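Enquirer: Chains A and B supply the protein sequences, listed in that same order. Here my numbering is used: position 55 in the first sequence is 47, and no number is missing along the way. Here my numbering is used: position 98 in the second sequence is 92, and no number is missing along the way.
Calculated directly from the structure, the hints in this document are not laboratory data. The model shown is predicted, which means the values in this text are computed figures rather than measured ones. Honestly, I wouldn't trust all of these hints.
Claimed, not checked - Partial list, derived from the structure: chain B residues whose beta carbon lies under 8 Å from chain A:
(1) G35
(2) Y74
(3) R129
(4) P132
(5) Q133
Where is the CB? At the ideal position from N, CA and C, for every residue including glycine.
Here's the letter readout for the chains.
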Amino acid sequence: MTKKILVVDDSKTALMMEREILERRTTYQCVTASDGREAVEKAQQERPDLVLMDVVMPHMNGFEACKMMRQQASTREIPIVLVTTRGEEAYMEAGFQSGCNDYITKPIDSAELIALLQSYLGE
Amino acid sequence: MNRDKHKASGSTEADARDDLRLSAARKRLAESRGQEDAIEGVREIVANFLGSEELGLFRVDRGNGAFHVFWSFGIDLEEYDLLRALGHPGLERVMRGECHVELAAGEHAGEMGRARAFVPIRVGNQTVAILAILRLLPQKLEFDIADMELFKLLSSEAAKPLFGSGACDAGADSQPVTEGPGIRA
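Taking the hints into account, I'd like the entire structure generated from these sequences.
Expert: Structure (structure tokens):
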């Protein structure tokens, strides 16, 4: 069965790139959202197998969206990988405290991203 | 959605990654809706693919040869001296269409995040603006070969979405804009 990934980013460029990586180089299905609020709604509707989410976004940032997903029974167990330009330890720690499973920094290396996704979803 | 999904072979891993970046960047520029969106597109390309959040655009005033800050993000460029940064020969090369890339700026060699690049934004054989990328994110230590392809793409394809089809004729009369981390990222 095809695994589904919810990709969340307010940057059209990042969404294009991440979507291209997933569609051209993996068998995962891709659904998208452009801010944290939409991500929480899409996660409930789509029940993805994993959420790949930017941190700094309008309306609701990735940390807040991550916390909300962890509070809801339907999304509590979904692996969440946060994506950000900020690689500092304190910032990453804040991400883990919000409930994310993993962290990847921009600029995204597609091979690294695919390996990370496969570690959660299998090939 | 592309239904013909496949996995790239290991030997073409880097090429495939670069193709993805280039095609996404090209698409983003081409699909820009107006100048503001084009500026945002350039910022996104630099942040997401090149790994920098300190950048700006200098517009070339063709009337007097001066450079004016057109837009900046993450850094205030009002006092930035392009000539001092590049020197005469460097600035001339950029104006002729060559990218000026410093993998690690000379006097700061060894420090992280000192790499910088100056990319001529071209229309035909004229440089109408210079994109300055001034500091890399801490996790990105230097520009690599693949980044050069992105510089070339920005150089040849950014002018039209940024300045419109009359880019060569336009003066540097727009108000400078400065943004910074915290406003958008």
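Enquirer: Hints first: check each against the structure and report whether it holds.
Expert: Verification of the hints:
| no. | hint | result |
| --- | --- | --- |
| 1 | G35 | holds (6 Å) |
| 2 | Y74 | violated (22 Å) |
| 3 | R129 | violated (12 Å) |
| 4 | P132 | holds (6 Å) |
| 5 | Q133 | holds (4 Å) |
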